[in-house]
Amino acid sequence: MTKLGAGVPDSIQGSVVRRGDLVFRRLAKGAGLAVLVVLAAIAGFLVWRSVPGLRANTANFLTSTAWFPDQSPSRFGIAAIAFGTVVTAALALLIAVPIGFGVALFIAFYAPPKLATALGFIVDLLAAVPSIIFGLWGLQVLMPHLGGLQRWLNDHLGFIPIFHNSLGIYTKSLFVAAVVLGVMVLPTVSAISREIFLKVPHSNVEAALALGATRWETMRMAVLPFSRPGMISAAMLGLGRALGETIAVALILSALNVVNWHVTEPGGNTFAANIALGWNEAGPIGLSALIASGLVLFVLTLVVNVVARSIIWRRAEFHEGL
Amino acid sequence: MAKRIDITNVSSYYGKFEAVSDVSLRIEPNAVTAFIGPSGCGKSTLLRTLNRMHEVVPGTSVTGEILLDGENIYDDTVDPVNVRRTIGMVFQRPNPFPTMSIYENVAAGIRLDARRMPKSELDGLVERSLQAANLWNEVKDRLKKPGASLSGGQQQRLCIARAIAVEPAVLLMDEPCSSLDPISTLAIEDLIDELKNNYTIVIVTHNMQQAARVSDTTAFFNLAGIGQPGRLIESAPTALIFSTPGQKATEDYISGRFG
Amino acid sequence: MTTLTLATGHLQGRRLPRAAAPATALVAAALAVLLGQISPVSGVAGTTCVAVVLFFAGYTALSFAVEGSRHAIDRLASTLIYASFLAALVPLVWILSTVLVRGGRVLSAGFLGHSMRGIGADATGGGVYHALVGTIEQVLLATVIAVPIGVLTAIYLVEYGRHSKLSKAIGFFVDVMTGVPSIIAGLFVYSAFIVSLGFQRTGLAGALALSILMIPVVVRSTEEMLKIVPSELREAAYALGVPKWRTILRVVIPTAIGGITTGVMLAIARISGETAPLLLTTFLSQSINFNPTSGPQASIPTFVWDQIGSATHPALDRAWAGALVLILFVAVLYTTARLIAWVTGGARR
Ligand SMILES: Nc1ncnc2c1ncn2[C@@H]1O[C@H](COP(=O)(O)OP(=O)(O)O)[C@@H](O)[C@H]1O
Ligand SMILES: [Mg+2]
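Residue numbers (my numbering), protein chains in the order written: chain A, 215 to 536; chain B, 2 to 260; chain C, 7 to 355.
Treat the hints with care, since some could be wrong.
Stated by the list, open to error - Pairwise CB distance ranges, derived in the manner of DEER restraints:
no., chain 1, residue 1, chain 2, residue 2, range
1, B, 179, C, 245, 32 to 38 Å
2, C, 43, A, 416, 49 to 55 Å
3, A, 524, C, 337, 32 to 38 Å
4, C, 50, B, 145, 52 to 58 Å
5, A, 369, C, 111, 34 to 40 Å
6, C, 318, A, 257, 38 to 44 Å
Stated by the list, open to error - With a straight-line cut-off of 25 Å between C-alpha atoms, the simulated DSS-like cross-links for lysine-lysine are:
no., chain 1, residue 1, chain 2, residue 2
7, C, 174, C, 233
8, C, 233, C, 171
9, A, 243, C, 171
10, A, 243, C, 233
11, B, 17, A, 328
12, A, 243, C, 174
13, C, 174, A, 413
14, A, 413, B, 146
15, A, 413, A, 328
16, A, 413, C, 233
In short, the hints are calculated from the structure, not lab data.
Every residue gets a Cβ at the ideal spot worked out from N, C-alpha and C, and that includes glycine.
Based on the provided sequences and hints, a complete structural model is requested.
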């Protein structure tokens, strides 16, 4: 060390800044900025590259169900894929959210504490299974098993339009895709809500028990109200995953761009599946059209994620303030 | 209303570790009993054994007998939920429910088994509980405000109001003033003095003067050594314990020679 | 305080005996089997569903009759919570066992050692070697790109930017980025590098897309690890006159290196199963290509995709075997990550 005080961190002695510090600091900051730049660049390039397709389109991009971008005249719209995306994601959440919250409550409060970490790890393994394997399993193994359930729904609840099936064919339906999506989204919902549950002050749990609350009443009194915002964002992050999941859905759906409320009938398509399935056959305008639909998907998932993360972040600052 | 507790040969365990050993003690109704002793000697553990909160910690167990007006609270036919409802508890740090208003905090316990209580009756009950906790005048204009918006001392009195709103027979307090300033501490001590007209009160305290001020009976606990269980050394009327303790260890402790 | 209306002093409460739950379960199962004889709901799945519903209803009703509504609701809630955990295990066990059984039938040294060159969809044989090569190269490239950016970003967030507006923004968008669908990363690399800059669809392009998915995961895990490095260590170094950047490189990073490595391995595990971005940025290939910067290059996920698409029996067998290889690949990464965490004591939950 050459000079007294030369190594004092720059935050204390601003005037003495070493070159090494300056370079390293800029490098680190540059990397951080790169993350923001990438996100902005994704939006920028998707906008730029969707222009040719949108220019050539003669149908209404938002309301048309057709997807014939490479024909002349070019006609395509996202109505059908948006419908399929939203319906499968919503059904998936109906499965994943209650079970995910249940799993999280189980691990945080019901399981023996010694086992809880291990059991949480096992559920997290579900998140480590690649999408392609979910797709393969969904297509080859689960789909035949869901035929009976869907037929039963049609036979007994067929008066509800979404369960009605006039074809008698129960494969490759939005319903099957939604069940697989539900399983895929489950670990997201359960992992995030588990983190939230573990932040509940133990003193409040004890207060409820000492008032003579049963275990479930303790959940209702001390745990669930405290965790509500976090549970909402857990569900939304699950939604984000369900909206953007590609491969499993692409393998299961028969990729017919139709708006069909009978979700147990074959057909239907999603943003992501449409891109994956149409990519290699698409010409220049077709590719641009797929990029345009990808842009919509990007914005959709971005909004969902930003809202969900804002809730969690506001909560985190609240905790730091406690 | 207030009930007597008879503790006979009670030992409490965390797994295999015996935290308090072989305690026998009578806790009189309408009186304040103080548990004193060095930290780690099992005062909190014994206190939590009295309302079956001890068993909330996994792996714990209890032996011996605890009678509440003659009824064994550890009997197979006894529902721990009812025990906790009858024997209320106030904790070391104030723990109002952060998502609930002052009003909701007090009403929380009542709502459990009287869901359909008319609003006016509930209002009355909340008011009386807050009054009994000497908090009503300070909060009556802001019942809808979050309980966490109160000062520490007020929060602790809110927790007392919450505990007495369900009309328990016994009130257990685990160092209820240890996180409070002297003025709030005084307010709580005054309150304890009033509450003993209606309840059996057991208070754990680190503070010798506090035990001397508020309690009628004092029970002194001690540890034989690290890893040894805590034991009840002696229990006697407070005036007696502080003037002429029966045991050398008690004398050493209250004269500040250790602990 | 004389007229409180609540009654106190009922310590007694009738409780269900421990045997009530298994007994109810047995009765429910027996009833379900009987019902299966006469009702349209039958088969293993149908009977199980009926048994489960009967159990929930019967157990709750029994508890309601004996213990009252509060305990009945409590028991129903507990049962549902336990059941949801079991329900979550079903697909996990189902998927893993199917992959093991169906993939295990085909997996062999030959499968690992051969490519698909010259093997038609109807033919048996062939293997995953070319895809393994591709996946390893692509994942390594993605790691080489993502780790420096991710670790530096985390260093900025923890060591330099604490509480500044910019670091909050970066931290927030890193979280948001973890939720961007993987196919979007593929679209981006295609739009930016292939269409706009004129590169080819190669293994490198695929690696670029994978690195975008990897960066936020690396940032997050590294950040967590840096945060738990005790600040006394940094202060001790400053006190000796060591400049900040060297403190970070010589003291902070080495202290956290175990945890950082674990995080990186988990991030690699996450991206090695990604299919969608590779479908858009690489060309499927049936033969071995060691060069990720030119020409088509396969990968295990796209190999499985390709075999499923062929839909013949031998192809589906290969798909399952490929799935098994992929699972094993991910499992090795996971186990290594945990081992590193365990050895270095930076265990993460
Ligand atoms: N949850 C627990 N698990 C295991 N041991 C505990 C637990 N709580 C307290 N103990 C142990 O029991 C003994 C008595 O503790 P405690 O009742 O808290 O003492 P006090 O309140 O007198 O300070 C101590 O040795 C303590 O370490
Ligand atoms: Mg204590």
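Evaluation of the provided hints:
no.: 1; hint: 179(B) with 245(C): 32 to 38 Å; in the structure: holds, 36 Å
no.: 2; hint: 43(C) with 416(A): 49 to 55 Å; in the structure: holds, 51 Å
no.: 3; hint: 524(A) with 337(C): 32 to 38 Å; in the structure: holds, 36 Å
no.: 4; hint: 50(C) with 145(B): 52 to 58 Å; in the structure: holds, 55 Å
no.: 5; hint: 369(A) with 111(C): 34 to 40 Å; in the structure: holds, 37 Å
no.: 6; hint: 318(C) with 257(A): 38 to 44 Å; in the structure: holds, 42 Å
no.: 7; hint: 174(C) with 233(C); in the structure: holds, 15 Å
no.: 8; hint: 233(C) with 171(C); in the structure: holds, 18 Å
no.: 9; hint: 243(A) with 171(C); in the structure: holds, 13 Å
no.: 10; hint: 243(A) with 233(C); in the structure: holds, 17 Å
no.: 11; hint: 17(B) with 328(A); in the structure: holds, 16 Å
no.: 12; hint: 243(A) with 174(C); in the structure: holds, 12 Å
no.: 13; hint: 174(C) with 413(A); in the structure: holds, 21 Å
no.: 14; hint: 413(A) with 146(B); in the structure: holds, 23 Å
no.: 15; hint: 413(A) with 328(A); in the structure: holds, 18 Å
no.: 16; hint: 413(A) with 233(C); in the structure: holds, 18 Å
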